[in-house]
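Sequence order for the protein chains is A and B. The numbering of the first sequence is numbering that gives the first Met the number 0, which starts it at 0 and goes up by one. The numbering of the second sequence is numbering that gives the first Met the number 0, which starts it at 0 and goes up by one.
Derived by calculation from the structure, the hints in this document are not laboratory data. Computed from a predicted model, the values in this text were never measured in an experiment. Ideal Cβ positions, reconstructed from N, Cα and C, are used throughout, including at glycine. Please note: incorrect hints may appear among the correct ones.
Claimed, not checked - Pair ranges (Cβ atoms, derived):
1) B:R366 / A:A126: 27 to 33 Å
2) A:D40 / B:R302: 41 to 47 Å
3) B:G240 / A:D99: 19 to 25 Å
Unchecked claim - Now the stretches of chain B that chain A is said to cover, found in silico as 3 or more residues with beta-carbon under 8 Å:
4) 91-101
5) 336-344
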Amino acid sequence: MSAFQYPDNLRYTKTHEWVRVEKDAAGGTTAVVGITAFAIDALKDLVHVELPPVGRKLQAGQEAAEIESVKAVSPIYCPVEGEVAAVNSELENQLEHLADDPYQKGWFFKVRITDPAGLNNLLDAAAYQKHCESESH
Amino acid sequence: MDGDSSVLLKTPLYDWHVAQGARMTEFAGWAMPVFYTSIFQEHHATRTACGIGDISHMGRLRFEGPGAAVFLAELLTRRVGDLKLGQIRYSLITNYEGGIMDDVLVGYYHDEYGQPFYVVVVNAGNREKIVRWVHQHLPPERANAPGQEVLFSDLTRLWAMFAIQGPRAIDVLQPLVDVDLDSMRYYKGHLVRILHPAAQRQGGIISRTGYTGEDGFELAVGAGVARGVWEAILELGKPFGAVPIGLGARDTLRLEAGMPLYGHELTEEINPFEAGLEYTCYLTGYDFPGRDALKQLQQQPLRKKLVGLEMAGRRIARQGAAIFQGDRQVGFVTSGVFSPTLQKSIAMGYVPPEFAEPGTELLVDIRGQRELVRVTALPFYNRNRKKKNAS
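If we strip away everything but chain B, and leave its shape as in the complex, we get (with noise of 0.2 Å):
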């Protein structure tokens, strides 16, 4: 283990975790699984049928109450007001300047009592900086304005995540859960029974979400009985060849997808419109931090822009590595990995747009040598989709 273990937050899995030999690391203050067999072996089982992962370690954030609708669009970049029961939605949260803080997931739910809530997942590492921004915009006297009520909480230790990834996800996941799979489309989520012994007849959320540039789904179950359910689907898994995968499985596969990773191609330096996320930002509704900021830098030519980049050779540009354009430097990678589906070294980052366009070759400065890397279209990776799926 890198790092003092002690003072890093378990999931509920923290054990299982231990006692599979997995290869455990520091992640965003959490002691979290690298791989439990290897990262090849685990991206490969993902690709083709079916990878388990814990991500308890994402924030799960609640909101409920009458006001709550219009709180979030006052937080969140994009429209949350039309979301209809069970739709989920990407979306960014911004600081006054228009940088990124957090890109989230924000889903729309009904209680067992019909009574309106909403999601909002998190990344690990901004959710003590999300929670008190939460709290910055929600005074007492917000919260408890007559009719508009708010009631916020933080989820995250009380609930465990599991993310369930790949061609065979559905047909691993479909006997535990009482909802059928194969009609719920791409970013729609339900509450649902787990019809285990395991689960002791507590339910979850599920979606048809995920990081891995494959189908799949992620299950949100109480942490009491997280270890049951893990076993559970697991067990479920084994005749599908589904594996348990780590966070590094999980790095290469959300990679090959283009899928951003907050820390790396998204900060509070870099604006949605660099990040090509402008589709994000609902600039004509509800004021949220950031909107003004956004409406100029629209108005503004691009500085930089994100980026695929394949390397010529093996070596893995990785993040801060800078790129050159001749003896300039011209912008700095994100993330590099070595692509386990392509066999090739690949990474992203950000250069100007008049080098942004796919072909363009450009050096990357690899601990002192300057080696050979082509501008790429993202993703890097597409997978077949089924037609019947497709929106």
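Chain A on its own, in the form it takes in the complex (with noise of 0.2 Å):
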């Protein structure tokens, strides 16, 4: 099954966060996480995000937010070793179209990224999806 899109520009983990990464204005690295649309699709009925505050520092797996749907509580994992630097207010009044737009307007947080090596243990969109079929059988 392949009806849902991964960008290429994006990476991807395991556990079902993308991440675009951005040089910002102080020539830092910035890794704009969110979840794709395979994990939008598999929560399904969303009702809650919890965010993590500005200027937490996050280990690469380390638990950075929470999404609730009627059914569950998922865990938002960090992909990469940072210290969060923005967050998306606005997501929480827009949960029911974060399937519409998950790699624009559905980011969770951004991180800078203290340990850009990190970023080499993502997966690429082709050993995502990959991934993802072995899920869904």
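Take each chain as given, in its own frame, and dock them per the hints.
Quick look at the structure:
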């Protein structure tokens, strides 16, 4: 099943986060983080997001946020080591539209990356899609 | 699918659910649909039009014979002997300590030869336990006592059962059955002919009952014709906006309606007084298991009481979450959902009577954070009843 889009310019995790790497004005590197269309479809009926405070230092793989649906609550992990630089406070009011635009309007938080080497551990779109196919069987 | 589907029980509609692309889950040992499109959509369809759910997993136990009425009166907390033909009652089954073993519906019918029988509908997760309990109280010498014989059978796998719920349920179902549904009162049931070739001339039992807080019906039909009848109902329902609904919406609907769910609000560690079900306990009639314990409990002050809870925020307080008053744990949450109708996070739980007054502010621990919660009167949702059906 490949009804979902996984843009080629993003990196992915096995826990269904996506990462867009951006250069910031100060010359540093920022990771914009969200969750994939596959994850949003699996969660369904979203009711709430809990975002991290700006300034929190996170390890790669550390729980950073949570998303709650009628049926369950799911953690969102920080894909790379860094410090939270911004959060998408608009998200709570547009959860029902998250599925329409998961990779632009649907970002959760931005992390100022402190260990750029960690980006090498992330999946590309093709590898992530394979991972999803193996999970849905 | 969560869990190994090969060991799960399947309803006669299992293949249909899978073919529709339903999200399937394990529930009480059965493979059941959680939703087909989304819980919210199916919930709203039921509140505004009609939701049709497969509830074949629920246990259907049949009792007949001259000793059946007394046998059931000595098993259930509620009166049975005075049931009128076609009448249905909500009742409990308690253990010897007065703890709740199950909550059931008991209905009284006559078969096509005019012979009386009772149907007791039990929770899917309790069926095996209750069947054992029945056998324990119905040894051969009692079942075969001359003049007081009791014939007991578990019909669960022989029948399918559908819940047709919502303001348009009556319009959806009326063309399918040969009884006038408008004149059928709440908690009444009837043997019916099913006026559709898919039923292959078989009949069924229809009742004006449900678990959604809406007007509606439950229909039991033979397993062999279940899929055809199910598809016929969906087809009849289309012009009215009826949709199939899964167990996800069934849960949000019943919680808004303040209805308890076994394994959550009701367990063997909870007695009927705590659950607000005192009215189901007939303590001056037949001696059923737990009656003496309940007489004792009735004299004692309540230790805890079932309440409705409304969260200040949108996070959901789920089963097991601790309820605090200041720094002291005073209670626990039994069920919680986000209410699609009220657009609020709601829950039910047990607290001591001194904190059970609506308006009382308490805290609930959600994954280490204390969130504000307010005690509210149940139910959270009340439909506008048509006057002529109010009883």
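At the C-beta level, are G240 of chain B and D99 of chain A separated by a distance inside 19 to 25 Å? At 24 Å between Cβs, range holds.
At the C-beta level, are R366 of chain B and A126 of chain A separated by a distance inside 27 to 33 Å? 32 Å, holds
Hint says 41 to 47 Å; check whether the CB-CB distance for D40 of chain A and R302 of chain B agrees. 45 Å, holds
Is the coverage entry for the region 336-344 of chain B by chain A consistent with the three-residue Cβ rule at 8 Å? With 4 residues closer than 8 Å to chain A, the region 336-344 of chain B meets the three-residue bar; holds.
Against chain A, does the region 91-101 of chain B show at least 3 residues with beta-carbon separation below 8 Å? violated (count 0)
Hint check: a violation occurs at hint 4 only; the rest are consistent with the structure.
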